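Peer 1: Letter by letter, the chains look like this.
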Amino acid sequence: MEKVVKRRAWAVLGAVALVLAAVGPASPKVEGDTIILGAAVSLTGKYSTNGKNTQDGYELGVKRINEMGGVRVGGKYYRIKVLYYDDESTPARGAQLAERLINQDGVKFMLGPYSSGLTKAIAPVTEKYRIPMVEGNGADRALFTQGYKYMFAVLSTSDQYHRETMNLAAEQAQKQGKDPKTLKVAMAFENDPFSMDVRDGVLEDVQRLGMKIVIDDKLPPELNDMAATLTKVRAVKPDILVVSGHARGATLTVRQVSDMKVDVPMLAITHCDSAKVAETLGKAAEYALCASQWDRSLGYKDKWFGTAEEYAKRFEKEFRYDPPYQAAESTAALLVFLDAFERAGSFEIEKVREAIATTDLMTFYGPVKFDATGKNIAKPMVLYQVQDGKYKVVAPTKWAATKLIHPIPPWSKR
Amino acid sequence: MADNLSLLFNAPILSAQLLIDGILIGAIFALAAYGMALVWGVMDIINIAQGEFVMLGGYVTFFLAAAGVHPLYSVPIAAAALYLLGWVLYRTVVFRVVDKDMFISILATFGISIVLQQLANELFEADVRTAESGLGTLFFADGLIVVSQIKLVAFVCALVLGAALYLFLKTSRLGRAIRATAQNARAARIVGVNTDRVFATTFALNAAICGAAGSLVVMTWLVHPYLGLAYTLRAFVIVTVAGLGNMASVVFASLGLGAAENFAGFVLGTEYQAAFVFSLLVVILVWRNALLSRQRKYLK
Numbered sequence: 002m003e004k005v006v007k008r009r010a011w012a013v014l015g016a017v018a019l020v021l022a023a024v025g026p027a028s029p030k031v032e033g034d035t036i037i038l039g040a041a042v043s044l045t046g047k048y049s050t051n052g053k054n055t056q057d058g059y060e061l062g063v064k065r066i067n068e069m070g071g072v073r074v075g076g077k078y079y080r081i082k083v084l085y086y087d088d089e090s091t092p093a094r095g096a097q098l099a100e101r102l103i104n105q106d107g108v109k110f111m112l113g114p115y116s117s118g119l120t121k122a123i124a125p126v127t128e129k130y131r132i133p134m135v136e137g138n139g140a141d142r143a144l145f146t147q148g149y150k151y152m153f154a155v156l157s158t159s160d161q162y163h164r165e166t167m168n169l170a171a172e173q174a175q176k177q178g179k180d181p182k183t184l185k186v187a188m189a190f191e192n193d194p195f196s197m198d199v200r201d202g203v204l205e206d207v208q209r210l211g212m213k214i215v216i217d218d219k220l221p222p223e224l225n226d227m228a229a230t231l232t233k234v235r236a237v238k239p240d241i242l243v244v245s246g247h248a249r250g251a252t253l254t255v256r257q258v259s260d261m262k263v264d265v266p267m268l269a270i271t272h273c274d275s276a277k278v279a280e281t282l283g284k285a286a287e288y289a290l291c292a293s294q295w296d297r298s299l300g301y302k303d304k305w306f307g308t309a310e311e312y313a314k315r316f317e318k319e320f321r322y323d324p325p326y327q328a329a330e331s332t333a334a335l336l337v338f339l340d341a342f343e344r345a346g347s348f349e350i351e352k353v354r355e356a357i358a359t360t361d362l363m364t365f366y367g368p369v370k371f372d373a374t375g376k377n378i379a380k381p382m383v384l385y386q387v388q389d390g391k392y393k394v395v396a397p398t399k400w401a402a403t404k405l406i407h408p409i410p411p412w413s414k415r
Numbered sequence: 003m004a005d006n007l008s009l010l011f012n013a014p015i016l017s018a019q020l021l022i023d024g025i026l027i028g029a030i031f032a033l034a035a036y037g038m039a040l041v042w043g044v045m046d047i048i049n050i051a052q053g054e055f056v057m058l059g060g061y062v063t064f065f066l067a068a069a070g071v072h073p074l075y076s077v078p079i080a081a082a083a084l085y086l087l088g089w090v091l092y093r094t095v096v097f098r099v100v101d102k103d104m105f106i107s108i109l110a111t112f113g114i115s116i117v118l119q120q121l122a123n124e125l126f127e128a129d130v131r132t133a134e135s136g137l138g139t140l141f142f143a144d145g146l147i148v149v150s151q152i153k154l155v156a157f158v159c160a161l162v163l164g165a166a167l168y169l170f171l172k173t174s175r176l177g178r179a180i181r182a183t184a185q186n187a188r189a190a191r192i193v194g195v196n197t198d199r200v201f202a203t204t205f206a207l208n209a210a211i212c213g214a215a216g217s218l219v220v221m222t223w224l225v226h227p228y229l230g231l232a233y234t235l236r237a238f239v240i241v242t243v244a245g246l247g248n249m250a251s252v253v254f255a256s257l258g259l260g261a262a263e264n265f266a267g268f269v270l271g272t273e274y275q276a277a278f279v280f281s282l283l284v285v286i287l288v289w290r291n292a293l294l295s296r297q298r299k300y301l302k
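Chains as they are written, first to last, in the numbering used here: chain W, 2 to 415; chain G, 3 to 302.
Source of the hints: derived by calculation from the structure; they are not laboratory data. None of these values were measured; they are calculated from a predicted model. Glycine included, each C-beta is placed from N, C-alpha and C at the ideal position. One or more hints might be untrue.
As the list claims (entries may be wrong) - Below, a list of computed lysine to any residue pairs in the SDA-like style, where the Cα atoms sit at most 25 Å apart:
{"id": "1", "chain 1": "W", "residue 1": "K284", "chain 2": "G", "residue 2": "Q119"}
{"id": "2", "chain 1": "W", "residue 1": "K176", "chain 2": "W", "residue 2": "D141"}
{"id": "3", "chain 1": "W", "residue 1": "K414", "chain 2": "G", "residue 2": "Q151"}
What the hints assert, rightly or not - Partner residues aside, some chain W positions facing chain G, computed with beta carbon under 10 Å:
{"id": "4", "residue": "V74"}
{"id": "5", "residue": "I216"}
{"id": "6", "residue": "T281"}
{"id": "7", "residue": "R354"}
Given the sequences, and given the hints that come with them, work out the whole structure.
Peer 2: Here it is in structure tokens:
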């Protein structure tokens, strides 16, 4: 008897679920004059710091837009609101919450979570329900090979990390009256997905610019010593040394290049801000180039925030810390939605998706323009050069505030 | 690979550079390896936590350097701190497994190594740390060979420490007790040696040597919570090759390994450096086994 009741209860539940799924909230989530977006961000767990940066980035955007009167769609001004859930830094929870935002809360536009991992978990869900998502914190190239039609990313993918380095090297060679084709490149990359993706990018550039690879070493994940690779570098005297191996690779490179007095005209690494090379290694880190997504000193400008520096000041005032690029790219993701709403002139999902896909926008974070896979192809990476113990932006040349020091003076003259 | 070989062939001076670097690095390995041989010989324990002692020694130096102590002065402090830790570990865990099966002691020290690693990760964070010694670089052969002074200092430190240890074991009363225990613990007990104290001292002494090695490591390269395994494995390779109870052969094996590793890194690429070391271990074990079996045949 009990069993039958239970079964009946399940049947009813199932029917209700089916009806709900079929009907669903058909129109976008607009409450009065407020349009609601959804986001699952990591407020607890291992990504909680960067998760908070992401949320702060979104919130600053929301606050600024509402201050300015809101977004104008079809002759009417709408205010913006973002509905957040904490994904606890776990992909499975992120996917669940995306379902919840879409099915229960009726959200029709999603902002991305923090990290490639979480984005990978959420993108299939938004794709399934055909909900546009603009994200600013998933850089893995694998995200853009799935054929996703509703996911867009404002940040540069990992293969872009050293694109500016190579362009800069070619530029400098021409300035000195040398053919870029004569440049010799030494590479050392850790054998992990991120660095291998960075390496693929460098290989493409080397081919495009016709340079020559003289060293192509892979570094083990348990890397503790780079003396062997650097001895080779001293011997073959390349024009550029490019290294990517997270914080460990950055620290070892800077320390051992200085210890072994390896003279190379251009030294480029990644992760030097997170490894704090300028702070901990002092003079040894001078002149090293480091790839980064964004910096407040850049010359980018938009109608919402003004310059990058103005954005940074506003952010500091609101949240009492220096905005990391994770926050800036999150704000930029929101700006893409605003621009798309305005151009679409409606909140209809397909129209908005179309508008996002044809975005050609300048923001304080940099230009945004998506290719068919949804990645931003307009924004270059930023290159820092460590000068006088500070990270100074030297490329892309058009936006840089500081001049590159090239070639790096030999150790005997430092 | 062929490119790298021809490079070596065309510029023989590179070989000198690799050899010097390798030997200097090898001296640091020698410290960890000698500690391992000591514990293994005296207590019949293979200490898997060897590398974690090195790692912790590195952190002692890093934090002292951050507090304004010159890293070089922190070498003895790191050794003293690790001596204390080694002693505590012996009194709490290791004394329970001294006379047991070797498998049990391996499990116990493996456990210690995991706990230390995770604790370091929890307390010091996963960031990569380094301490600046502020020493320069020496040039030889028209600047073709460079030797960073910190490596040289590490080499000298390692030699001095090794020599001090050797003298301690040869001449002091406790040293003699340690050697007696290593030869036959039961007999030592009968003639009045307090073997429990000898074990505690030996284990603590080993931790201290590793601590000093770690201090040199953080000045030469860097330190992070997961640094340990590489040093445990190298120490194991060296001790297996050199055998127990012979300091000179441990030192030679260490220097040889350092050099071999450096050449392998150059010719095969840094990626295969570690793989080369372990292949070398396999080859040496097989070779020694073959030699031994031939001897057995001869005895028959």
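Peer 1: Would you mind marking each hint as holding or not holding in the structure?
Peer 2: Right, here's what the structure says about each hint:
Note on K284 (chain W) and Q119 (chain G): the hinted pairing is violated, with a Cα-Cα distance of about 31 Å set against a maximum of 25 Å. Taking the CA atoms of K176 (chain W) and D141 (chain W), the gap is near 34 Å; set against the 25 Å cutoff, the hint is violated. Our distance criterion of 25 Å between C-alpha atoms is met by K414 (chain W) and Q151 (chain G), whose separation comes to about 19 Å. A cut of 10 Å between beta carbons decides the hint on V74 (chain W): the least distance to chain G is about 46 Å, and the hint is violated.
With 10 Å as the threshold, the beta carbon of I216 (chain W) comes within range of chain G, its nearest partner Cβ sitting at about 9 Å, so the hint holds. Interface restraint check: T281 (chain W) against chain G, minimum CB-CB distance 6 Å, threshold 10 Å, status holds. Contact between R354 (chain W) and chain G, as hinted, is not supported at the beta carbon level, the nearest pair being about 40 Å apart and thus beyond 10 Å.
Violated hints for the displayed structure, listed by number in ascending order: 1, 2, 4 and 7.
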